[in-house]
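Asks: Listed below, chain by chain, are the residues.
There are 2 protein chains.
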Amino acid sequence: MKERFSYVGKRLPAQDIKEKVTGAVQYTDDIKLPDMLFGKILRSPHPHARIEGIDTSNAEKLLGGGKYVVTASDAPAILVGGALRDMPLFAKDKVRYIGEPVAAVAARSPEQAIQALTNIKVEYKTLPAIFDPVEAMDKKAVLIHEHLGDYRGSQDVIRFGNVCSHTTIKRGDVEKGFREADHLFEDIFHTQSIIQGQIEPHAAIAVARSAGRVEVWTHTTGAFRIRQQLSEIFELPLHAVIVNPMTIGGSFGSKNFVRIEPYCIILSKKSGLPVKLVISREEEFTSFNPRHATTIEIKTGVKKDGSIIARKVRLTYDTGAYSDIGPVVSGEGAKQAAGPYNIPNVAVDSYCVYTNKMSAACCRAHGTPQPTFAFESQMDIIAGRLGMDPLELRLKNAVEEGYAGPGGDLYLGVGIKETLIKVSEKIDLKNRDGVNRGKGIAVGNWYSGVGASGAMMKLNEDGTVSLSIGAPDATGTDIMAAQVAAEELGVPLDRIVMTTKNTDHSPFDIISSGSRITHCIGQAVKNAAADLKAKLSEAAAPLLGTDPEHLEIDDGAIMVKKAPEKQIPLSQLAMSSHFSTHGPIIGSGTYFGKLSSFDREAVSGFVYDMGEDRTFVAQGAEVEVDTQTGNIRVVKLISANDIGFVVNPPNAENQVFGGVHQGLGFALSEEIKTEAGRVVNPNFRDYGILRAPDMPEVECNFIESGNGPGPYGAKGLGEQPNVPTAAAIANAVYDAIGVRIKSLPITPEKILSALKEKGEQER
Amino acid sequence: MKERFSYVGKRLPAQDIKEKVTGAVQYTDDIKLPDMLFGKILRSPHPHARIEGIDTSNAEKLLGGGKYVVTASDAPAILVGGALRDMPLFAKDKVRYIGEPVAAVAARSPEQAIQALTNIKVEYKTLPAIFDPVEAMDKKAVLIHEHLGDYRGSQDVIRFGNVCSHTTIKRGDVEKGFREADHLFEDIFHTQSIIQGQIEPHAAIAVARSAGRVEVWTHTTGAFRIRQQLSEIFELPLHAVIVNPMTIGGSFGSKNFVRIEPYCIILSKKSGLPVKLVISREEEFTSFNPRHATTIEIKTGVKKDGSIIARKVRLTYDTGAYSDIGPVVSGEGAKQAAGPYNIPNVAVDSYCVYTNKMSAACCRAHGTPQPTFAFESQMDIIAGRLGMDPLELRLKNAVEEGYAGPGGDLYLGVGIKETLIKVSEKIDLKNRDGVNRGKGIAVGNWYSGVGASGAMMKLNEDGTVSLSIGAPDATGTDIMAAQVAAEELGVPLDRIVMTTKNTDHSPFDIISSGSRITHCIGQAVKNAAADLKAKLSEAAAPLLGTDPEHLEIDDGAIMVKKAPEKQIPLSQLAMSSHFSTHGPIIGSGTYFGKLSSFDREAVSGFVYDMGEDRTFVAQGAEVEVDTQTGNIRVVKLISANDIGFVVNPPNAENQVFGGVHQGLGFALSEEIKTEAGRVVNPNFRDYGILRAPDMPEVECNFIESGNGPGPYGAKGLGEQPNVPTAAAIANAVYDAIGVRIKSLPITPEKILSALKEKGEQER
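Residue numbers (this note's numbering), protein chains in the order written: chain S, 4 to 766; chain U, 4 to 766.
Hints should not be assumed to be uniformly reliable.
If chains are identical, the list can't say which one is meant, so a pair holds when it fits in one copy or spans any two.
[Claimed, not checked] Below are the SDA-like pairs computed for lysine to any residue, each with C-alpha atoms no more than 25 Å apart in a straight line:
| hint | residue 1 | residue 2 |
| --- | --- | --- |
| 1 | K565 | E138 |
| 2 | K273 | L36 |
| 3 | K23 | R212 |
| 4 | K273 | S310 |
| 5 | K70 | A544 |
These are calculated hints, taken from the structure and not from any lab test.
One chain only, chain S, in its complex shape:
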C-alpha cells in the first residue's frame, strides 16, 4: 500500500529539526519584549489556612510602586476550572494547598522579584487539613470547599461533601453476575501521583494593550482554548485576546488549560508593561497539576472457562484542592474501568475527591493508565488461578469491532487481538530464560480523539504552498500536516511551507491532545488540499485547453492526465494567476470526527465524549529481579501498536519510546512524595524520573490495518503507549518471582517486603 505514496509513510524529519538541534528555536522564555518585567508568584506555605491579612507595602516599596504587586483584589473574581469552577486565581479568604498563589509581583529582574516576594507578609490561621481521600470522604471530615453544596446531575447526586464528582456506569446486574460466577476475584490497587515531567517548565508572557486588548505568548497545546478561557476570565470579546502558541517543550496534558497566563495579564494590566512568568522546576513539582493518585477496588466474577461475567469497580481519584479537570479524568476512569473485555454485568463507581494537596489534572491518557494497571494485573491473577495462559484469557474475553461498552459507547478500530498476539510472539511469552526472570503482557486502549480542526492553504507567487493550521507543533504536527499536503497536492514536500500560528489568523483547532492531531488535522489538511486542487485545476484548465476534471498534479506541475506532456509548473500557474488572470488561489478544509453515543440510562456524572475510534497498544515485558536488592531490571519491552497507518514513522516511534519511558517511570520509580501536604522530593533526581541508561531495549511494532478514521486509515498514538506498561511490568515481576505488587511504583522496597511476606507465608 505504502509504495503508492510519495510523502506519507516516509521517514521524514521535522522541517525545523536543525533549528531545534542547534538551539535556534525560540521557546517562550527566549522571547524578550521591550521593558518587559519578570513575574513571580507568592505561594501558600500551609495546606489549609485562613488568610487574616496581607501586607504588601514593603514589596511595593522595593519595586517602586503598588502597581507591581497584585493580590486577589486585583484579579477577576471569577472562579476557574476545566470541568467545575471552584478555583480563585489568587486565594482570597483561605488557602487550600501548599503552593497556592496568594500574591504576585512584577520586577525588573527575576532576582528582584524573588526578593520582593520575601517582603510580602501574609498572616495565616491554620486549619485542619486532609490529605487522604478516604478520610476526606468521611461525612465528619472538615470541608475543603465549605460553600459548595451538594449538586445533582441529570440523574444522580454527583457532588457532596469533599466529593467533587461521582460518576457511575452500570450494565446488567452485577450482583447476579457474581452469583453466577464460578470464581470471584477481589483486589485493591493503588497508583501514585506522578508529574507529566515535560522538560520545559511553564512560561508565559502577556501584554495588556490599550483598547482592552491582550496578547499572550505561551507554549500551550490549545491556543484557542486559552483564548476562550482568557476571554471569559477577563470578560473580553474573543477577538480581543490574541494567543501566540510558542514552541512547546513537552506537555503530556500539563499545558492544556490556562495555568499562568492570567497572572501575567493581571500583572501587565496593573503595571502597564509586558510581564513574563517562568515557573521553576520546584514550583512545577509543588504547585502544578500531576496525574491523580488512585485507589481501585476491582471485583470480578469469572466462569470456569475463563469468561468474565461480572465486574464491579470502585475508583477513587485524589484530585487535590481544586477540581480542575478532575471530574473528567475520574469520569474517563469510569469508562475504562471494566477494560476492553466483553462483560455482560458491570457496575462502576468513580469518585473524584478533594484533599489539601495541589490539584491533579490530565496526564497522558487522562484517567486511564490507573484502571488499566488494575484490570490488566487482575487478568493475570485470574489466568493464574484458572491455570490459563494470560494471552488465551485475554483473547477469550477481548472486545470485537463495534462492541458497545457498558456506557453504550462504541469500540471501533479494535486491534486488541492483533496487538496481544504480536507482543506475545515477539516476547516469546511461553518460554522462560534464566533465574528470577519473568515475562508479562498487558493491553490498553485510548481514543483516536475527535474535535474541530481547520486548515487553510494559499498558493504563493513562486508555486510554494503556505499551509496554516491552528494546532501547535507539539508532536510532529507540522511535518505530518506538510506530508499530507504534499501527498494530496502532488507538490514536493519542500514547497509546503507552514505559516506562523496565532488565534487571530490561524484556523481554529480545539487542542493538541487526546491523540487527535494526525486524525483531525490530517483530515482537515486533506480536505483543504482537495479544495485547493479543485481551484488549481480550474485555473489551469483554460491554459491547458481542457476541462478541470482531466487534470492532475504531480511533482509540482499540473498536467493533463492522459497527456502528461501537456503541463504547467505550479510556479508558472501561480505567476499567471497572481499577475495576470484570476488572483491568488486559496483553499480551506475543516474536520470534526465522529462522536460516540452514550446510553444515558447507564451513565451518570461526568462522562466526556472522546469519540468512537480507538487505538490499541499491547506491551510485553521481560524483567529480571534481583531478590537480594529488590531491583528490577527490565530486559526488554515490546510494544505493538494498532495505529492504522503510520504517516511519519520517526514521530510515531517517538510516541512509543516516550510513552514507554513514562509508563516505566509510572511502573517502577516515579512518585510525588508528600509529608503533611508538602512535596518532599521536588526535583527530578529525588522524584525518580528514568534516565537514558535506565531504559531497556524497546521494540516498536506497528500494525497498519488502515482501520482508523484519519488520513489513509491512520489513528492517534499520543497517549496509548504509556497505558499498559505498568501492568505488563507487574505481570512480568509476578512471573519472575511470584510476588504480586498491587501498588505503584514497584520499588525495590516493595519487592523485598513482598518477598519477605511470601517467604513467611510459605514457611
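Once you have looked at the hints, place chain U on chain S.
Replies: For chain U alone, kept in the frame of chain S given last:
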C-alpha cells in the same frame, strides 16, 4: 438602490478610529524590539562624483566594532529598480545624485548614529553633472550610466544615451491629420517636481534571524511586493521573508516599493541585532522619490466645428539618477497624453531621462496629472480660439463607453460627460461674478485598478467572523472590507473582526495602489463571503431540517427563507460546529479584475496594463486673482466623481478632499527647488505645502451609476481627484485675468510676469 443595503453606502467610521485619534495606534516608529539599534545612512554630497576611497575606521571605533558600519561591500551586488535594474543599494564606484546612500551605521541611539556618520571619510573626485533632461538627451552629454548600453524592446530602441526609456503610441497618420485640420495649436507645458508629502516619513525595522530568515516591519502599501523584492535582493526563498505591514501614515506612491528595508536588513545581518531606520523630513525631501517634473509639447489639429482630428505629444519625464519606476510612469503618461477624447490620428513620444538628481517615482496617478494639465489647458485654449464653450468643446470630443484609446486599451465606466456637466452646473460656468474672478473646468481619469487580491474568513466560536486580507489599511480598506463582509453575510458589522496582517499568513494582495482596493479587495471579500455563506448554510441545513438553498442569513442568524421563525443564531451554529459537529467553518475568495488588451502594433516601450475600467473626475474652480500681488485665491473647488457606488462615504470624501489638496498644491505652490542638484527648500514651509487655512471650500459630488467593476458597481477613487485640478485652476486663472500660465506651479511671480508681458503686448 441604497435603501436595500444595511452596511455598504453608510457613513461608518473606521473600526480603529478611536485608537488613531487618541494616538494609541502603533506606527512603525512606535515599535521597539529588544536590543534594537538605530540606523542612519551616509549620503553623497555630490551630484556626480567618483568614489576614490571610504574610511570607516573612526566610525567603527566610535560604535564599538566593524559590524556596526556597512558600505557597498556588505550589500548584495544586485541592482534594483521597479522597472529597470540600474540602482545599487549603496553607491560603489560613483555617486549619481546628492543624497545617494554611500554607507550606513547602526548605533545605540539615533544621536550616536548621526555622530558616527560624521566620522566616515569618503574621498570623491567630482564629475560634470547634468540637471536638465534636454541637455541630458544631447548625444554629446556625459553618460550618467556609462555601462548601460542601448536597449531594443520588442519593436524599437527604448533606451539610449541618458534616455532611460522611450515609449511611443501611434494611431492613424498624425501629419495627414494636421494637414486636414482647420486650426493647429502648439503649446509647451512644464510641470514641476513635487513630493508625495505623506505625513509619516519612511521608517522600517528588520531582524535577520538565524536560519536565514528575515522579518521586517514597515508601513508599505504592498507587503507582498516588498516580500518579493527582498526575497530577490537577499536571495532568500519567499517564505523566508516575513513582512509585517504597519499602520501607514500616507503613501501616495511613496511606499509602493522597497526603499529603506534593505538597509535595515544589511545592518541587522552584520550587527546581529534588530535595526530601526527612520528617515528625517529633510532626507525625505532630498533623497526620496518625487513626482517627475515634465516638459510636454502638445500639437493639436482641430476642425472648424471643434472636432479634434490629430494630436501629437512629446513628453519628457525627468527621472533623476536611477530609473526606479520612471519608465512605467512615463509610459503611463504616453497612454494618457492624448486625453479622453476621440481623436483619429495620434502620435505620442514619451521620454524618461536620467539626470543627476534624486530618482523620481510614482505619485498619485503616476504620470497622469502632468499631461492632463497640458491637454486640459489646451482644450480651453482651443475653445477660446474657436469661440466655443469649454464644456461644449469637451462634450463634443469626449470618449464614449467602450472607446479604444490610441494604444488599443478600452475605456469602460466612462462618466466623462456626466461629471463635466455636473461641475459646470455646480460652478455655474456661464456666469461670472466680480472683478478678476474666473471659472474653469477640467476633467481627468484614472483606472479602477486591477490585480490579485484574496480574502479569507473564519467563523469563530462566538459567531463573530474573522476576516483576513493582505492589503494594509491605507485608505479605509479595513472598514470597507468589513462593510462588504457584513452586507454579504448578513452579520452585524461589529461581529466582523479584521485580523492582523503579514505576508506569512495573510492572503496575497498585490498592492494598495492604482485605485484598486475597493474594486479588488471588495470583490475578493464578496467572493469569500459567498463561500462562507454556502458553508454556513450546509452546516445549518440539517439543524433546520431543510436544504441549504432554502436558507438565508440576516442579523447574525441563519433562517429558513420562507419561515424565518425557524432560525439559529450564528453564535449557536458556531458553537455546535466547533464543539460537536463538523469543525470550524472557513471561507475564501479571490479576485483579479479585467486587463486591457493593447494593440501591440501601436505601442512600443513601457506600457503597463492598469485594466479597462476607469473613474472620471471633473473639477470646476472659481478663483480670484489679485493683479497687484499675483496672489490667487481659490474661492471654490467642485469635484464630480464618477465612482460607480460609494461603499463608505467618509472615506470616499476624504479621497476627494485629500486629492484636491494635493492637486491645488501641484497647481499653486508646491515645488522641489534645486540648485546644482541640491534641494534648497527641504521642509514643508519653504516647499509650499498648503495648510488648512489655505484650502478653499471643496464640494464633493458622487455620481453613482453603478458602472464599476467593484462590489455593487463601485470603482476606485484613490488617485483621480488630484488629476484635473491644476488644469481647472489654470483655466480659471485665464478666465479671470486673461493670462495663460503653462508652467506649474502658478505662482504670484509667474502671474505678475505674465500680466506684465500681456500689458506690454497689448500696449
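Asks: Are the hints correct? Go through all of them and say.
Replies: Evaluation of the provided hints:
Taking CA atoms no more than 25 Å apart as the test, K565 paired with E138 passes in neither setting, with 76 Å inside one copy and 62 Å between copies. For the identical chains of this complex, K273 and L36 are neighbours both inside a copy (17 Å) and across copies (22 Å), given an alpha-carbon limit of 25 Å. Taking the closest pair of Cα atoms, K23 and R212 come within 25 Å of each other only across two copies (14 Å); inside a single copy the shortest separation is 31 Å, beyond that limit. Taking CA atoms no more than 25 Å apart as the test, K273 paired with S310 passes in neither setting, with 64 Å inside one copy and 74 Å between copies.
When the C-alpha separation of K70 and A544 is checked against a cutoff of 25 Å, the pair qualifies neither within a copy, at 64 Å, nor between copies, at 52 Å.
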